[in-house]
Amino acid sequence: MKVPPDRRYAETHEWFLLDDTIVTMGISQYAADELTDITYVELPEVGTRVTVGDVIGEVESVKATSEIFTAVGGTVVAVNTALVDHPEVINEDAFEEGWMVKIKADVLDPLHALMTGKEYATFVRNIA
Amino acid sequence: MTDTLLKTPFHDIHLAMGARMVEFAGWEMPVQFAGIVEEHNHTRTACSVFDVSHMGRLRIVGADAESFLNRICTRNLAGAEVSRSFYSHICREDGGILDDVIVSRFATHWGIICNASNRDKIVAWLHQHAQGLNLQIADETTATAMVACQGPKTLEIAKELTGDDLTTLKRYHFTVRDLGPLQIITYRSGYTGEDGLEVVLPAPLVSFLVPKLFGTKEQPQPVVKPAGLGARDTLRIEAAMPLYGHELSEEVDSLTAGLAWCVDLHKDFIGVEPMRRLNERGLPRKLVGLELDGRRIARQHSTVYGGGLAVGEVTSGTLSPTLGKSIAMAFVTAGSASDGTALEVEVSGKRVPTKVVKMPFYKRPR
Numbered sequence: 425m426k427v428p429p430d431r432r433y434a435e436t437h438e439w440f441l442l443d444d445t446i447v448t449m450g451i452s453q454y455a456a457d458e459l460t461d462i463t464y465v466e467l468p469e470v471g472t473r474v475t476v477g478d479v480i481g482e483v484e485s486v487k488a489t490s491e492i493f494t495a496v497g498g499t500v501v502a503v504n505t506a507l508v509d510h511p512e513v514i515n516e517d518a519f520e521e522g523w524m525v526k527i528k529a530d531v532l533d534p535l536h537a538l539m540t541g542k543e544y545a546t547f548v549r550n551i552a
Numbered sequence: 030m031t032d033t034l035l036k037t038p039f040h041d042i043h044l045a046m047g048a049r050m051v052e053f054a055g056w057e058m059p060v061q062f063a064g065i066v067e068e069h070n071h072t073r074t075a076c077s078v079f080d081v082s083h084m085g086r087l088r089i090v091g092a093d094a095e096s097f098l099n100r101i102c103t104r105n106l107a108g109a110e111v112s113r114s115f116y117s118h119i120c121r122e123d124g125g126i127l128d129d130v131i132v133s134r135f136a137t138h139w140g141i142i143c144n145a146s147n148r149d150k151i152v153a154w155l156h157q158h159a160q161g162l163n164l165q166i167a168d169e170t171t172a173t174a175m176v177a178c179q180g181p182k183t184l185e186i187a188k189e190l191t192g193d194d195l196t197t198l199k200r201y202h203f204t205v206r207d208l209g210p211l212q213i214i215t216y217r218s219g220y221t222g223e224d225g226l227e228v229v230l231p232a233p234l235v236s237f238l239v240p241k242l243f244g245t246k247e248q249p250q251p252v253v254k255p256a257g258l259g260a261r262d263t264l265r266i267e268a269a270m271p272l273y274g275h276e277l278s279e280e281v282d283s284l285t286a287g288l289a290w291c292v293d294l295h296k297d298f299i300g301v302e303p304m305r306r307l308n309e310r311g312l313p314r315k316l317v318g319l320e321l322d323g324r325r326i327a328r329q330h331s332t333v334y335g336g337g338l339a340v341g342e343v344t345s346g347t348l349s350p351t352l353g354k355s356i357a358m359a360f361v362t363a364g365s366a367s368d369g370t371a372l373e374v375e376v377s378g379k380r381v382p383t384k385v386v387k388m389p390f391y392k393r394p395r
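In order, the protein sequences belong to chains A and B.
Under my numbering, the residue at position 63 of the first sequence is numbered 487, and the numbers go up by one with no gaps.
Under my numbering, the residue at position 31 of the second sequence is numbered 60, and the numbers go up by one with no gaps.
Keep in mind the hints are simulated off the structure, nothing from the lab.
Nothing here was measured: the structure is a model prediction, and the numbers come from that model.
Don't take each hint at face value.
[Unchecked claim] Keeping only pairs whose Cα atoms sit at most 27 Å apart, straight-line, the calculated DSSO-like set for lysine-lysine is:
# : chain 1 : residue 1 : chain 2 : residue 2
1 : B       : LYS246    : A       : LYS426
2 : B       : LYS188    : B       : LYS392
3 : B       : LYS182    : B       : LYS241
4 : B       : LYS241    : B       : LYS315
5 : B       : LYS379    : A       : LYS526
6 : B       : LYS354    : B       : LYS379
Same shape as in the complex, but just chain B (with noise of 0.2 Å):
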């Protein structure tokens, strides 16, 4: 790894629980710590932390905020209520997705949780549009750190840990803890398809947190464990969630990419126009979930066929670690988009028979 990779609070603690590291969007970052499907299958039945600090957070303070945000994002956010956070996009003029972002109302202020690998673009883009608006930005990525903790065990633990009982915290609300100046925010919310807490906290109080999650070398905590990038991906495939560079990008929007339901036509924001003209002629292509005969994995880019034409290209694929099954979403022409479709994905040199299904692949009991 070379010295200038940016390192989140967790860096040292990482390398400590035996992590392979890797480059991630300029940050080194976990990939993987037991195993990529250990660690999957871990999530899915108990409690995973995964330090996801690398992601860039983001202050907006002042009288134009919530205007200005709501030009800038896909998502309504007018009259929001203090303590929600909502799933949103920030688009270009023409549609195209620059980032999917979580918006956080806060009472003095709105957050914004971008993708590592978008924050300077989203910054800039930020800075660009708030010209002559009585706004601040500021960056406070690096002066915090931030775990998802995943899984259906994450409240019972979390409430072992810090007396507080999250179970009436609604999904996408969150918590504010103040510590004097300092504050520890707690968003029910996660981007792996079970229930969980995703914690921002100020990058100090990390040496404080990790022996109170994970235990300590004599006395380890048995239901918590660490996961890299590796399981978060495997995860977040199966849920049907969207990843910035694979589903999204600028070369796609956001009703394409089968959020329409993070989107508002209704209100003007930049790239509504586009949008509305989409919405009124109809997709020409869609994003869809695949499910492929055999194990092969079939990967980004990876041409989808139907009736022996190319009719689309893979995004994301894995072999489902939960269902045993290999997996992948596509975007392909809208008339090869219905349920139950027989297409094929070509998957090193040859073409696997697959179908279209219904997404999310993997959706947790409740």
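Just chain A, with the same shape it has in the complex (with noise of 0.2 Å):
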């Protein structure tokens, strides 16, 4: 499985990658497979205040209904709203078309305990 090395996961899948103080986030490819084919996502809106453990979204498949949460705190500055007609995207490509949010990060703290890319890959393998 292709884990990308340069960004942070969480145990609820969901990526971060940081670049000077804008992070970006989406879901793993792994949690995209899991919920199987992606037919909605729910995405915050531009200027929403988030704090770390917020749920800022929802991904649905036919299989499952599946929440976001942030992992760092600050403000929404983009959404991917390509995702709303085409959630299918998430499935495609999770990593890099598929990224969800951009958050103007004020906490960045937490993305430090996150698991990096290799430790991702060996919790996913676990959990396989």
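Take the two lone chains and join them into the complex the hints point to.
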């Protein structure tokens, strides 16, 4: 399984890619595969203030609905609106095209407690 | 996957074909191969093969078999002609559904196909009511395999592979091919809303059947593809076919479940009395089809609201791959059950506008 090493991973299968103070987040390919065909995505509005641990959205597949948690606090500065009409993009490319939101972070510390790509790959192997 | 799960004779073949396996009713089963929506669409246009070997297969033999089954089953089986199969319920005394089954009339015996999740319960129920009667009950589940071949090209493929023209085989009829002491039974039935066949065969024949069905790695059969439980569920929801544990349970009777056609209130069977009373008084709640606004999926147990009041509960829901709409089945109070009634369904804490629609949601072109 491909797990990009450039970002951090939560046990709830979100990924967080830090670029200066902007954190891009999405769900892992493993999570997308497990959900199966994604049929719906709910995303926050630009400008929304979020704190660590908040539910910032939902993804839904024919099989299940899953909440998306943020591990950073800050302000939502961009959302991938293309996903609203084409949620299947997450299944096709969860780590790049399937990104969900960008947050201008003022609380970044919790990121360091998350798993590295290597650790996440092991984590997934152990639950699979 | 733990080693305690039962495996069907197709298990290694599923793994080789890249299935994602899940636990289902104590069995390790494929939930998907290429993807649920892809398999769904393939079934609606070509031919998909589903391993349904986890379903219970029971054989009832003996002089009292017919009268026994007619007392156990809601359907009238008296004088059933050989080579016919019948969808029926098996109910408790209070009318609660213990299982939905297919009962088959063979020349020498009867067959029951039951849900995997209910097999132990049904075997125990049959034994309990067979005491003192001249009949034997054999569980043939693990000695046999069962595949459902579903889709508009199924009969064409079957003719190509076996030379048999099954277009004259009527729906809910079956043929038996004797291979010495072993048998292959082919039913014209299914659980997808498509034309198709369900085949029960001796477990050792599976390794012989698979290359015929799917071709080989070098030369794959282009029209036949494997499909898993995920697509089986979205297909049966579009066809508004009930699933035990969702539309059917011990808390629901056959009339409330909208399946009066499989109940004969004029004969005696276990559970008939409460159903007769219900039939006289009228049903307080009914199973209806719902179409939701938007793309969100209503899940089992989601509350249905009418005029701000809770009027029912969702049993199954999906985003219909064929129709592109969010559809669901739900039990609602009789006053909210008419076609076109505007209701709401709670999805993720929000109330989504919905309306009652006719079922099935999908009907195959004929």
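Now for the hints, and whether the structure bears them out:
no. : hint                : result
1   : B:LYS246 / A:LYS426 : holds, 26 Å
2   : B:LYS188 / B:LYS392 : holds, 25 Å
3   : B:LYS182 / B:LYS241 : holds, 16 Å
4   : B:LYS241 / B:LYS315 : violated, 45 Å
5   : B:LYS379 / A:LYS526 : holds, 25 Å
6   : B:LYS354 / B:LYS379 : holds, 18 Å
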